[in-house]
Structure formats: structure tokens, C-alpha cells
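**Student:** With the hints as your guide, set chain Z with the ligands onto chain Y.
The listed protein sequences correspond, in order, to chains Y and Z.
Using my numbering, read the first sequence as starting at 1 and increasing by one per residue.
Using my numbering, read the second sequence as starting at 1001 and increasing by one per residue.
Don't read these hints as lab results, they were simulated from the structure.
Treat each hint with caution, since some may be false.
Unchecked claim - Within a straight-line C-alpha distance of at most 20 Å, the following computed EDC-like cross-link-like pairs (lysine to aspartate or glutamate) qualify:
hint	chain 1	residue 1	chain 2	residue 2
1	Z	LYS1176	Y	ASP60
2	Y	LYS123	Y	GLU135
3	Z	LYS1176	Y	GLU229
4	Z	LYS1268	Y	ASP102
5	Z	LYS1268	Y	GLU135
6	Z	LYS1176	Y	ASP102
Stated by the list, open to error - From chain Z, some residues computed to sit far from chain Y (all C-beta separations above 12 Å):
hint	residue
7	TRP1023
8	VAL1040
9	PRO1060
10	ILE1069
11	THR1071
12	THR1075
13	SER1107
14	LEU1158
15	GLU1170
16	MET1174
17	THR1175
18	ARG1203
None of the values given here were measured: they were computed from a predicted structure.
The C-beta atom is built at its ideal place from N, Cα and C for all residues, glycine as well.
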Amino acid sequence: MVAVVDVQSVRKVFESGLDGNPFTAVKDVTFTVAAGEVVCICGKTGCGKSTLVNMLLGIDPPSEGTIRIDGLSPSADFMKMRGKLAAVFQTDRLLPWRNVIDNAAIGLEVAGAAKDDRYAQAKAWLAKVGLGGWEQAYPHQLSGGMRQRVAIARAFVTNPKVILLDEAFGHLDEVTAHKLRQDCMALINESQTAAIVVTHNITEALELGTRVLVLGRPARVISTHELVEIRKRPDWAIQRDQVRSDIFRNIESESFG
Amino acid sequence: MSSDASKPLAAPVSADVRRYVRWIGSQRDTLGTAIVIAAVLLAWQFFGGLIPKYIFPTIPTAIAKFQDILTLDGTYVAVGQTLIRILGGFAVSASFGILFGVLMAMSNGFNFIARPLIRLIMGVPALTWVLLGVIWFKNMELRVWFFMFIVTFPITALNTYDGVRAVPFELYQMTKSLRPTTAGLLRYLIIPAATPFIFSGLRLSLSFSGRIAVFAEAIAAGTGIGAEMMLTNQLFDTAGLIGWTLILIVVLSLMDGLLERIERRWFKWRREMKD
Ligand SMILES: Nc1ncnc2c1ncn2[C@@H]1O[C@H](COP(=O)(O)OP(=O)(O)OP(=O)(O)O)[C@@H](O)[C@H]1O
Ligand SMILES: [Mg+2]
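Only chain Z is shown next, with the shape it has when bound in the complex:
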């Protein structure tokens, strides 16, 4: 080894090793998750034997049940139903929320009415909305959609509103001086400038959509993952509940991952700025 003292200590370590260490560092989140999951499994294995099986199944029972669930055709139907509900409800509520938020920020008159309205909607307990949905709508799909919509569109709307309000005034003046139409102003400046806010609203609202869809399915629809979970509950089938929960978690994380990926692509310029 060279005795040159001016060389940094890390120099003798090969580039590959350093890259590997950096990779581990970048995987810190994944590592943490893995440790937590391992700990939970260990605790489960340890305490599982001490508790009656119907209250909490052992790991092998749960795995066997999960495999059972995966072999049933009905499972995929239920997952499909829930997915369509979440994505459909999310698409409707997201587009409406963005439109609503932009209007709020661009028109004082609209904002005058819209803000108290949103505050009112958000102030009403979620359970009230589910029950109202059951009373108001006979159609199962409408019930679920209504519930998702009423809970998530205010989130997107308020985030969009904040995003539009945060557009730098200097950029507004510059764009305005180019004399775009209102649609052009939205397209060239306001929407792209507000997109970071809109995206965080969308991700929040998507995760709410997922939770709420299954909640509404359990109470008001009778089909989908939520209804299956409700059924396991009625049958004291804890292993089934765990299995379905696992499926739900996978579905929700896949959707969030998708949105995150879109967001990353969109924000190439922003990500590089941070580096």
C-alpha cells in the first residue's frame, strides 16, 4: 500500500466494495422493513403456541390458509372488483379534486363557497358518510364510489389549491407577459408548477381510497376484498383475515409504487436538482 498520507483512508477499499456499502445505505428502508417483519414473525412463532388457535393461528396454519385463498378463483374476482373500484373511484375523485382545487385558487368567488363546503365535508365523521351512502344509494358500486369520493376529493382539492397558490409570482408575471390564453396559462405554468403538491395529494388520496374502498365493501357492498374480510370475521377465521390483509397490503403497495414511479419520471428535473 502507498504510504502517501494525503490519500483518503477509503482509498485502499475497492470501488466495488464502496459501491456495495453505498447500495446497502440506499437500501436502508428495505433493511428496516425486513428487520421489523422478521421480529413480528419471531414473536408470532413464540406466542402463537400459547394462544388458542381460533384467536391467533400459528404460522404454518396461516401459510396453509393463505395458499388456500390463492388457489380459489373467487379470490381473483374479489381482488379484481376491489382494484376496479379503487382505481375507478380514485380516477374520478382525483380529476374532480384537481379541477376543484384549481378553480378554488383561480376564482375568489368560487373559493368563497368552496372552502366552507370542503371544511364541512371533512368535518363529518367517515362513518356518517358510509351510513348515508347506504341510505342514499341502492346500487352497491355507487355506495362504494360515493364513500371514496367524499373522503378523498377534498384531499386532492386542498393540495392542488395550495400548489396553485404557491406558484412563484415572478414566474406568473413572466408567463402572463407572453399573453397565453387561460388554458395556456394552466398548461405552461400553473399545472406543472403545482404538480409536486398535486402528486402528494394524489398519493395520500390513493392510500385513503384503498382503505376506504375495503371499509365500504365490508359494510355496504358484499363483494370485493373488504367483503371477504368481513366474512372471515363472521367465521372466526383469523388465518383467513391475515391472508386477505396480506393480499390487500400487496395490492395497495403496488398501486402506490406505480404512482411513485410516475412521479419520479415526471420530476426528473427536480430529483436531479436535489442530488
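In isolation and in its complexed conformation, chain Y is listed as follows:
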């Protein structure tokens, strides 16, 4: 399988951290993701997951190492990557002055798509996330879960090669989060996008991932758990509990990292 995402020895040092000294937020991260794969990234709070996401998005370049997405560097080839990468963040990050359809269509608008075209596509994606009929509403008229659905539609609308979810279901109630997670996964599978799912919810990682990466603090991969094969096994439930306790132990062992 050809890797869509190729991250090699990536490091991020902020010139001035909280105490004014250089601060290493990401120490050394290497992994690849192929189309159709869902790689979950787990780790303690503050271990550098969002920093990694920002580097993958290209809005913050790595201090060392290389990131290739579809053969290009998201930061050095910034403009060439338009439409290929999309993200859903922990908060919806909708633009409050735009209605639902204009929020969902913004990726296409930035890319210069004609009005009819981008509305047609945004409408279709809104229907897929269950928001048919809400096109004209404004974000403040929607619930948190609905707003996050708009954010998901906004991410998918450009047909990205890679989709990044950074704690995308983190601040929703458990029932809503569960439903949204499943809907989002269905869309990822359907579109065969490569997905990177950042979460500190291990259950979520085991539910969604084809692979789980556990990060230490500061970020480096301390263990990798392949799930595709063992998920097919009849004793998957037992296996899953085993993996869960492995992941838990690995994260725990980092407490002084």
C-alpha cells in the first residue's frame, strides 16, 4: 500500500515556551498512513497531539524531520495542498456570520468553485451528516452536536485525501459523541480517505482505528497497535480488552516523561 501520509522523524521546538525557554512539544514522531486507513493517536494531555495536527495541516512547520502528504510538504507546498487536507477540531470553529451552507461550502469557495456547484455539493454533504433542511440556519441556532456536524460536512466537502480529527467528539455528551463518531466513520470508509484521529479516549481509539499509536510526552511513538487482523478474530472482545490495558499501561508509564 502506498502511504498517503508519510511522517519521518518530526520534531517541534517552540522558541519560547511557558517559561521563555525553548520547549520541545514534539520530540520524534514517525508513522505512515495509507488510503482507507484510520490511524488513532492517543496520548496524555499536553503531549503534543494538536501541535502534530498543526504540522500535518501545514499551518506550523516542523523544526526537524519531514512530512509528506500525497508526495508534497504541507507547509513548503502550502498552496498546492489546497483541498487535499481537511480537519475537524475539538470546537466547531464555524464562522458565526455565515449560515450553515456557507460554512459548509467555504472550502470550495476558497478554491474558487462556482456558486451553484459549491452549494450543490455542500447541500449533499449536509444531507449526509443529517442536516438536510438546516442550510439557512446560523451556527448560534444549532446545538453543539449539530454544529460539529456542519464542521464535518465542511471537512468532507472538498473530497480531501487526508482528514484530521483532533478531539472532534471530545466535548459532546457520550450518546451524541457515539452517534456522531459512527456517522463520521461511515463517511470516512465510504470516501476511502486516509484519516488521522487524535483522541485521549482509548475506547474511541479502539472503536475507530485500524491502528493505534500511543505517544509519550513530549511526543514520540511509544507503541503501535494494529487492529485490522485481531478485529476479525472471534475473541475480539477479549483481545480488545488486552490492547486497552496495554495502551493504558504505556500511557501510564509516561507519567514522568
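**Tutor:** Frame of chain Y, contents of chain Z with the ligands only:
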């Protein structure tokens, strides 16, 4: 009436009455203004008779004079001249101020020079600028425009600057990740996000424009409402001064009302959020 105690007390009052009470409540500002105006008129009527007429006219004299002013063709010419000056000066200073503020917020290098420059301009007394304008420019229009510009563009610029700086970083990251051009970033995020700040700067700067335009007309132009007011002063025509002031107030409130209306339309989403 029903004896059901769980019903709120307001229930027997008809919906129409409640709507009317709510309407009165919403008109509180208007009501207050009306009371103040009535009080002023009463005081005027009472004291007017005690003071020599040329110092302060009686209400009938003032009304008669006001009617006189309204019948003169010259009045409308003067109002037109002043309006054009205010709107023209405001348009120039507003566009320049917004551009200046955005540049300040987006470029550290520009800000390094621009901030002290603005502080300097705002530190110089307004009278100095009028007098400088008179020395520097022969053309009357240029004098007035220069004065309006120099006083109001820093207001718009600083408000715009604050607005751009206040754009939420999370929204900035999200928009940036869509990879817009710089123009796109401005259009999709920065300008709309800064608009509440820009609008408050614009309203402030418009009200300053109005005051300053007539001030400059009085001192440096010789035409327009300001010059007419100066003339009444030279003729000890207090009734005329009151009449012209009334006209000026109406013109300025109409313009502010217009801007407020535009602002309301623009902020449909915001107004609803507050409700
Ligand atoms: N721009 C910055 N300058 C300096 N330090 C930063 C910057 N951004 C993040 N950091 C630091 O880097 C560390 C990692 O932050 P990051 O947001 O990537 O963590 P995270 O793994 O996403 O945490 P969480 O699970 O709570 O979201 C934190 O200690 C943070 O203080
Ligand atoms: Mg984070």
C-alpha cells in the same frame, strides 16, 4: 376569571395590552428624549421673557426665524455643501482608516512606524490642525477635508486594528488551513470578524466628521452650515443660531441613523444571538 392560582398574574391582561407595555418599554430612549426636550422648552419659555431678546429669543421668535431659514434657497445649498463635505470626507477617511488599521495589524514593520505616527497625530490639538490647514491649503474644500481626515482617520484605524487583533486564533487557524490567498483571508475571516469594531469606529468617526466639518467651515471655508452659523454669531442673531443648530442636529442624526441601519442589517446573526 379563573381561580387557578398556578396561572401567572399577567394572564388576565390581554395580549394587546402586554404588547403595548412592551412597546413603551422598548421606546424608553425616545420617551426620555421627549421628556428632556419638553423640560428644556418649558425652561426656555419661562426664562425667555426675563432675558433681553438678542441674548436669547423667545420660542415664537425662534420658530419664526426657523421658518424663515427653511424658506431660503441658500439654506438648502448650504446643507447640501456640508452634506457633501461630511460624506465625502467620511468616505475617504473611513476607507483609508480601515486600510491603515488592517495593515497595522497584519504587518509588524508597518505597525512599528504607524503607531507612533497615529499617536503623534492624535496628540496635536485640533485647533492646530485647522490653522495648519488654513496655511497649507488655499482651496476651501481641501482645508475642510484635510481637517476631517486628520481627526477621524486615526479613530477608524485604531478601531480596525483592535478588531483585527481580536480575531479568534482558532478561527484563524481553521481558515488558514483552507489555504486562502491573503485577499481571501481578509474577505472570509478578518474583515467580517473585525466588522463590529470597524463599525463602532465608523460611527464615532462619522459623528466627529459632522462636528468637525462645520467647525472647519466656520473658520476656514466661508460656505456651508458652519459658515452660516458663524454669520449668525457675527450678527448677534441667536434665533438664527438656534435654527441652524437644529438643522445640523437633524442632518447628523439622519446620517447616524443610516449607518446604524446598515450595521443592523449586517449583524443579523449577532442581534439574534443576543435575543
Ligand atoms: N505556540 C506555542 N508556543 C509554545 N508552546 C506551545 C505552543 N503550542 C503548544 N505549546 C505547548 O506544547 C505542548 C503540547 O501542546 P498540544 O496542544 O500539542 O498538546 P495536546 O497533546 O494537543 O494536548 P490536549 O490533549 O490537551 O489537547 C503544551 O505543553 C503546550 O503548552
Ligand atoms: Mg490538543
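**Student:** Return the numbers of the hints above that this structure violates; sort them in rising order.
**Tutor:** 3, 15, 16, 17
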